[in-house]
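S.K.: Kindly generate the complete structure, drawing on both the sequences and the hints.
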Amino acid sequence: MSTNLWILAVDEVGPSPVIPKPAEIVVGLIAFSILFYLLRTRAVPKFEEAYRERTNAIQGGLERAEKAQREAEVTLKTYQAQLADARGEASKMREDARSEGAQIIEQMRATAQEEALRISAAARASIEAERQQAINSLLNEVGTIATTLASKIVGEALDDQARQSRVVERFLSDLEGSK
Amino acid sequence: MSATLRMAPDGFVAPSSSDFFFRPIFGSSIYFTKPVILVALSVILISVFFIASARKAAIVPSKLQFAGEGIYSFVRHSLGEEVIGPEFMRFVPFLFTLFTFVLCNNIFGVIPFLQFPTMSHIGFPIALAIFTYVVYHFVGIQRHGLGKYIKDICFMPGVPKYIYIILTPVEFATYFIIRPATLSLRLFANMFAGHLLLLVFTMGGEYLLMNTILMKVLSIFSFGFAVGLSFFELGIECLQAYIFTLLTALYIAGALADEH
Numbered sequence: 592m593s594t595n596l597w598i599l600a601v602d603e604v605g606p607s608p609v610i611p612k613p614a615e616i617v618v619g620l621i622a623f624s625i626l627f628y629l630l631r632t633r634a635v636p637k638f639e640e641a642y643r644e645r646t647n648a649i650q651g652g653l654e655r656a657e658k659a660q661r662e663a664e665v666t667l668k669t670y671q672a673q674l675a676d677a678r679g680e681a682s683k684m685r686e687d688a689r690s691e692g693a694q695i696i697e698q699m700r701a702t703a704q705e706e707a708l709r710i711s712a713a714a715r716a717s718i719e720a721e722r723q724q725a726i727n728s729l730l731n732e733v734g735t736i737a738t739t740l741a742s743k744i745v746g747e748a749l750d751d752q753a754r755q756s757r758v759v760e761r762f763l764s765d766l767e768g769s770k
Numbered sequence: 379m380s381a382t383l384r385m386a387p388d389g390f391v392a393p394s395s396s397d398f399f400f401r402p403i404f405g406s407s408i409y410f411t412k413p414v415i416l417v418a419l420s421v422i423l424i425s426v427f428f429i430a431s432a433r434k435a436a437i438v439p440s441k442l443q444f445a446g447e448g449i450y451s452f453v454r455h456s457l458g459e460e461v462i463g464p465e466f467m468r469f470v471p472f473l474f475t476l477f478t479f480v481l482c483n484n485i486f487g488v489i490p491f492l493q494f495p496t497m498s499h500i501g502f503p504i505a506l507a508i509f510t511y512v513v514y515h516f517v518g519i520q521r522h523g524l525g526k527y528i529k530d531i532c533f534m535p536g537v538p539k540y541i542y543i544i545l546t547p548v549e550f551a552t553y554f555i556i557r558p559a560t561l562s563l564r565l566f567a568n569m570f571a572g573h574l575l576l577l578v579f580t581m582g583g584e585y586l587l588m589n590t591i592l593m594k595v596l597s598i599f600s601f602g603f604a605v606g607l608s609f610f611e612l613g614i615e616c617l618q619a620y621i622f623t624l625l626t627a628l629y630i631a632g633a634l635a636d637e638h
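Line by line, the protein sequences give chains B and S. In terms of my numbering, the first sequence has 721 at position 130, counting the first letter as 1, and numbering is strictly consecutive. In terms of my numbering, the second sequence has 589 at position 211, counting the first letter as 1, and numbering is strictly consecutive.
By construction, these hints were calculated from the structure, which means they are not laboratory data. Note that CB positions come from ideal geometry on N, CA and C, so glycine has one too. Mixed in with the good hints, there may be bad ones.
As the list claims (entries may be wrong) - Now the in silico label distances, taken between C-beta atoms and shown as ranges:
1) B/S624 / S/M588: 42 to 50 Å
2) S/M467 / B/I610: 34 to 42 Å
3) S/K526 / B/R633: 31 to 39 Å
4) S/G389 / B/I610: 25 to 33 Å
5) B/V617 / S/A559: 16 to 24 Å
6) B/Q673 / S/E459: 46 to 54 Å
7) B/S624 / S/V548: 27 to 35 Å
8) B/P613 / S/I422: 18 to 26 Å
9) B/S624 / S/A551: 26 to 34 Å
10) B/R633 / S/V512: 17 to 25 Å
11) B/Q673 / S/M467: 50 to 58 Å
12) S/L617 / B/Y628: 21 to 29 Å
13) S/F601 / B/Y628: 41 to 49 Å
M.R.: Put into structure tokens, the structure is as follows:
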């Protein structure tokens, strides 16, 4: 009786789900094979290609950036060196100019002094000459005046040239002696 | 007796495995049943989706490419690279196909109108297990040579001689019978049980709805449970796809390893 019921129960629950249908295994094998072929030939290589390209792009980008940075550093160093050179040169030029300027001023001063001395010496000489000339003409004049005055005073005509000269000479030497 | 039970207007007929078997859609051909059509549909959906998303292979991906690549790179990295190691790339297409195929067919279980997990028909998990079986044995034989491969399986090195009396049959059975059997049964049983559970609540709800007012009200709970369990099922469906692929990867990694 119990066996009978068990069979009935089995009938009721339908075919056993653990017994595979050969047709479904075949369909499964074929379907999986088709899908595998499609994905392997069309999808996977493309995905891998995208990965590779992306990796390259990122790595390439990083490398390029590093290279650019290195170049920039080198350029900066060059510029800094050049700038330092230029600064040094400029200060040297200023120094040169300063010393040169001082030298020029010194030279100018010397020249000016020399000129001044020369001018004053010339002036002095001309003054001396004029004074001498003035003395000479004054002496002649004084001689004449003194003679005239003496002749007038003495009342005696001193027409003799020799005597006149003698008198004048004597008078002048007296004059000089008195000076 | 069963006929009278089924016919009874006021008796509830619990869902059974007979609810998993469909009449052929065209005539009596065994190739035109609902599961077969769903498998064909899954092949079309998966291939169209991934081929379309991979087509451009752009460095900056579109949304579609991003979605496709997300799934692909999940399989590639966490199932391929991390499990198999440096030689993983050879097996990525296989693992990728396996994961997407199982996942898609499992998810059919909660897609409205389709609502049938193909893998609850044991024939399909068996087909997949056959592939895994062939692949990992092939890889092992290729790596170690047939003799050494079998010898390594049967006589695990570094074990006292007398242990082989027990270990050899166990190891042999593990590699050649238990692994493919558990692989296919695990997937099948999870999908079968999950779908049966959903059937209980939806059919129960339907039955209640056809009854008195009080029963109609109670049917809300039954349908509510069915909806909640559908989300639960979705989780299990994804998990089972992952487990199937992960175990395949582990078996391949084991076959590649120097010692088993």
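S.K.: Of the hints given before, which are not true for this structure?
M.R.: none
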